[in-house]
Amino acid sequence: MTLSNIARGAVRSRVGAVVLAASVASLSLIAVPAVSANGAQGPTLVVYSAQGYDSAVVKAYNATHPGFTVTLNDNSTGPLLQQIQAEGNHPKWGVLWVDGATAFAALDLKGMLVKNSVPKNVKFNALGAANIPADRSFTPASLTVTGALCYDSSQISASQLPSTWAQLAEPAYQGLLGMNDPAQSGPTFPMIAGAMSFLGHYKKGSTAHALSVGKSFFTSLSKNGLVVNATNGPTIGAIQSQQIKMAMIQSSACYGSKLNGSFPTLAVKYLNFSVALPGVIGIDAKMPPAVRAEAAKFVAYVMSPRGQHVMQTGDPQGDSLFWPTIVGEKPANKIIPPLASAHAITINPYVWGPLESQINTWFDSSIANG
Amino acid sequence: MAITILNAPDLDETPRGESALSPSYRHDRRRRFSPGGVAIWIALTLLIIAPVMSFLALSVSPRMFQQGSEWFTTKFIGQAFQGYTGRGIFDSLWVSTLVSLLAVSIATTLAWMIHRTNVGGRRMWAVMMWLLLLMPTWMMTLGWSDLLQPFGAAQAVGINTRYLYHEFFGPMGIVIVLTAAALPFAYFIISAGLQGLGPEYEDAARIHGASRFLTIRTVLPIIAPALLSAIAISFAETMSDFGVAYTLGYHSHFPMATYALFNAIANYPANFSVAAVIAVVLILSVVPPIALQSKVMRSRSYAVLSGRTKPPRRREFTPRGRVAATAVVALFFFVVLGVPVLGAVGGSFISNLGAYSASGVHLTMRYYTQVFNPSITGKSLFAPLLLSNQLGLIVATGTGFLAVILARRLVASRGGWSQRVTDIFLLGSVAVPGVVLGVGYIFFYNLPFVSNNVVNIYKTLPLLMLALVASALPGQTRFMAGPVSQIQPSLGEAARVHGAGRLRSWRTTNLPLMSRVLLWGWLLTFTKTISELAIAQILYPPSQEPASVTIQSYLANFESGTGTAMTVMTLVEMLAVIGVAMLIYRLVTPRGWRRIGWSGVRS
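Residue numbers (the working numbering), protein chains in the order written: chain V, 33 to 402; chain C, 47 to 649.
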């Protein structure tokens, strides 16, 4: 054996050792979670959440509440709801926390939410209280609005903007307006439902008239050159690239884009109404009592001043830009105007939630791809 | 050279000339029901069949998984073929057919130029092809979009791309990106085929007076398994692609089947039944190409590689011809790889890309700074990236191991129904979108019977690993099948005759010949695992986020600059891993392995 062969052999054995060590370290991934899945590390509360500040809240909660592990499934609303629906009668989620109440209404109707889960010692403001269902099965932990008119102040001045939704269909705004696709963007269905409800003067009973009036309205917007993009990002991008000058989207998206410096000339105007979009939190009724009790503690923490503070600082240029639903709490940033200026209306999620698929399918075929 | 084109083996139940009671026939029947075969089918059932079938069953029986009231209905089949959804299925079928033919034609030309001529920069083009393979289609689209969009990277350097932008956001752009994505699959399969093809075939044809065209016509059928395999996998990969359907397809109002499937489950409540019908169509659509491939491959043996295979001879271009050929190849790679990479990387350094600015373009490092100081509390890239690397290591190793076993079964010339079913099943699985696999895993592994009596791993990393292996395995097996089909069985038989056990005979004969394919197959799965989003998003265990999910949360949270910078950093990290893996291969393998270990994938 030559010297070079010996040296090569030594290198091979060292490289082999390093590779083996990396492999063993990776294989440990298989073992560790299997232990927790069997419950050897104690009960676990799994939070399914689409909020930008959720990891900050869970981390803060775990730091102050030892003895019970809270873990986080942080995802977009769509994948979370798909998982919950696929899990069916054997759910793994303990708490669901997403924007919009329609999915919660559907879960409540299936008996999947704990009734009376709203913390009792919390004093809600008017819009917070308006978004609590009669059976108190979910809690509005925050509030944004959808249907805020975001516009580029370098392209169009505030005085040139419409004051009402109806004016958006006028020739003066032809080709200037954009919005999101409800099949892609969670907050957009509540906006469409809210517009149908408001423009159709819906109070209660059949929604047929409101649907008819609403469809006519969105059809007239489409004829007036409405541009539909998938989500807030591409819609704001369309304003930035001057494809359009304004869009009806979620308030926090407008404020976030302005604050993070990506779109300094973006401004917000509220027309004759916008649609309240509560950040809702609910507890899984099918979890064991110990998990449900921990979930109730978690919700109470979220609604406490400490929890609200973590929510307002966890994602300062995104989801933290909400209006609190609790008396005495103020928005995190001065960019957010008084809630009264938003003219927010509330839709009944038990009425409009079941219509989501029908309305979204119509919108996709007639407006987005019409 | 011991190369033979054998007569077609008889595929009847009883081999010709043998009675049903003859010893060899009885032996054959025993082999078909071997414990190994049963173990493989159990593994495939747990990995792919049961979860996917759980999802597909919803197409006619929503009540089976509490997704509706009917035990049996056909109404969702009608719904799936109506309007927007029906158009999506039709568009996907013609686009996939066109893309697979384009990809194989271009790949064959490139493989011939790179492996059989003295075109300049051959080693670099092979590396470029790998980079193309590793790039996700959504990133390719992002790069093109960043470059061509109004006030994008091209406009930043004074190039008006408005016309190109509108053309790109349509069927043309979709076909370009999907062809670029399918091309590497076809290229590597065809390259491996070409490498096993010694120069003696061309010589023989030319000696018998064949023109250059006739020589090509004579020689190409010898690599028919590779060509057909390339067409089949290109078709299936294109059918199952979601990245382009979701980005280019959506924005150009050109619906595709995978987007229609996504759309069906995007609302709440999700319509899993219509999605299941579309998934069935996706899977069935790959039957014709695989049936053709299967028929051709079983009609004769294509075993042309042995220990005595001569290295191919290169065609020498004239100096001027060499420059021209090199320029053509370089231009090609610049268009399919350079343009989107320049767009994406350039875009991550431009402040407010895509936004009109009266003061012109501003370069910035802000997005990369934000990777280290994330604006969202608890959303750093590094822990997720470490986890993704660990997942990649396990998934790539497990997939490689299973893929070799399955590839051997797939190309077995005397197989029965088991091999044929494996064949159709594996390619059909390539066409299964990740979201179907992910949701199917929830349906199956969250069943009380499974979690109480079989295995309780829902919401754990092992389940995510299994799903990622299931996602990579069909493509990886097809990737291995070409090279495995060209290894002469006589090599292993010789080793067995000399007393080697089954494992040793494989290690000393097949492993050296396949070492490079195994390496690159491992790297392919490793990198795809890191960039995989659809399955990871659905199945990642709470508080154990992979990198792709973290990046997605930035992209979805009005932080697209930071998200793009994270994507670029992840790609750089993957390239570093590739470099390290290649170095390890060089250090630990004998020189002989590197010489004969499938130079078709030479880097």
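What the hints contain is simulated information worked out from the structure, not anything from laboratory work. None of these values were measured; they are calculated from a predicted model. Heads up, a few of these hints could be off.
The calculated SDA-like cross-link candidates involving lysine to any residue, where the alpha carbons are at most 20 Å apart (straight line), are [to be verified]:
| id | chain 1 | residue 1 | chain 2 | residue 2 |
| --- | --- | --- | --- | --- |
| 1 | V | Lys-124 | C | Ser-497 |
| 2 | V | Lys-255 | C | His-299 |
| 3 | V | Lys-124 | C | Phe-495 |
| 4 | V | Lys-124 | C | Val-500 |
| 5 | V | Lys-329 | V | Pro-151 |
| 6 | V | Lys-290 | V | Ser-189 |
| 7 | V | Lys-255 | C | Ser-298 |
| 8 | V | Lys-155 | V | Arg-168 |
| 9 | V | Lys-255 | V | Ala-204 |
| 10 | V | Lys-142 | V | Asn-304 |
| 11 | V | Lys-124 | C | Arg-412 |
| 12 | V | Lys-255 | V | Pro-296 |
| 13 | V | Lys-290 | C | Arg-412 |
| 14 | V | Lys-247 | C | Ser-298 |
| 15 | V | Lys-91 | C | Ser-421 |
| 16 | V | Lys-155 | V | Pro-320 |
| 17 | V | Lys-91 | C | Ser-589 |
| 18 | V | Lys-318 | C | Asn-313 |
From the derived model, a few chain V residues whose C-beta atoms are all more than 10 Å from chain C [stated by the list, open to error]:
| id | residue |
| --- | --- |
| 19 | Asn-157 |
| 20 | Ser-191 |
| 21 | Glu-202 |
| 22 | Lys-236 |
| 23 | Thr-239 |
| 24 | Asn-256 |
| 25 | Gly-339 |
| 26 | Ile-358 |
| 27 | Ile-367 |
| 28 | Tyr-382 |
| 29 | Val-383 |
Simulated restraints on C-beta separations [unchecked claim]:
| id | chain 1 | residue 1 | chain 2 | residue 2 | range |
| --- | --- | --- | --- | --- | --- |
| 30 | C | Thr-410 | V | Ser-195 | 35 to 45 Å |
| 31 | C | Gly-129 | V | Lys-301 | 54 to 64 Å |
| 32 | C | Gly-216 | V | Ser-244 | 31 to 41 Å |
All C-beta atoms, glycine included, are put in the ideal place defined by N, C-alpha and C.
Holds or violated: are the alpha carbons of Lys-124(V) and Val-500(C) at most 20 Å from each other?
18 Å, holds
Taking 20 Å as the top limit, are the C-alpha atoms of Lys-318(V) and Asn-313(C) close enough?
23 Å, violated
Range agreement (Cβ of Ser-195(V) with Cβ of Thr-410(C), hint 35 to 45 Å)
Roughly 38 Å apart at Cβ, these two residues keep to the hinted range, so it holds.
Given the proposed pairing of Lys-124(V) with Phe-495(C), does the C-alpha separation stay at or below 20 Å?
With Cα atoms ~16 Å apart, Lys-124(V) and Phe-495(C) stay inside 20 Å; holds.
Is the Cβ of Ile-367(V) farther than 10 Å from every Cβ of chain C?
Answer for Ile-367(V): holds, closest chain C Cβ roughly 14 Å.
Taking the Cβ atom of Gly-216(C) and the Cβ atom of Ser-244(V), is their distance within the range 31 to 41 Å?
34 Å, holds
Can we trust that Asn-157(V) is non-interface, i.e. its beta-carbon lies farther than 10 Å from all of chain C?
26 Å, holds
With the threshold set at 20 Å, check whether the alpha-carbon distance from Lys-124(V) to Ser-497(C) stays at or below it.
12 Å, holds
Taking only the CA atoms, is the gap from Lys-255(V) to Pro-296(V) under or equal to 20 Å?
31 Å, violated
Holds or violated: Lys-142(V) with Asn-304(V), Cα cutoff 20 Å?
Measuring from Cα to Cα gives roughly 35 Å; hence the hint is violated.
Given as non-interface: Tyr-382(V), partner chain C, CB spacing beyond 10 Å:
14 Å, holds
Taking 20 Å as the top limit, are the C-alpha atoms of Lys-255(V) and Ala-204(V) close enough?
13 Å, holds
Violated hints, in rising order: 10, 11, 12, 14, 16, 18 and 31; the structure is consistent with all others.
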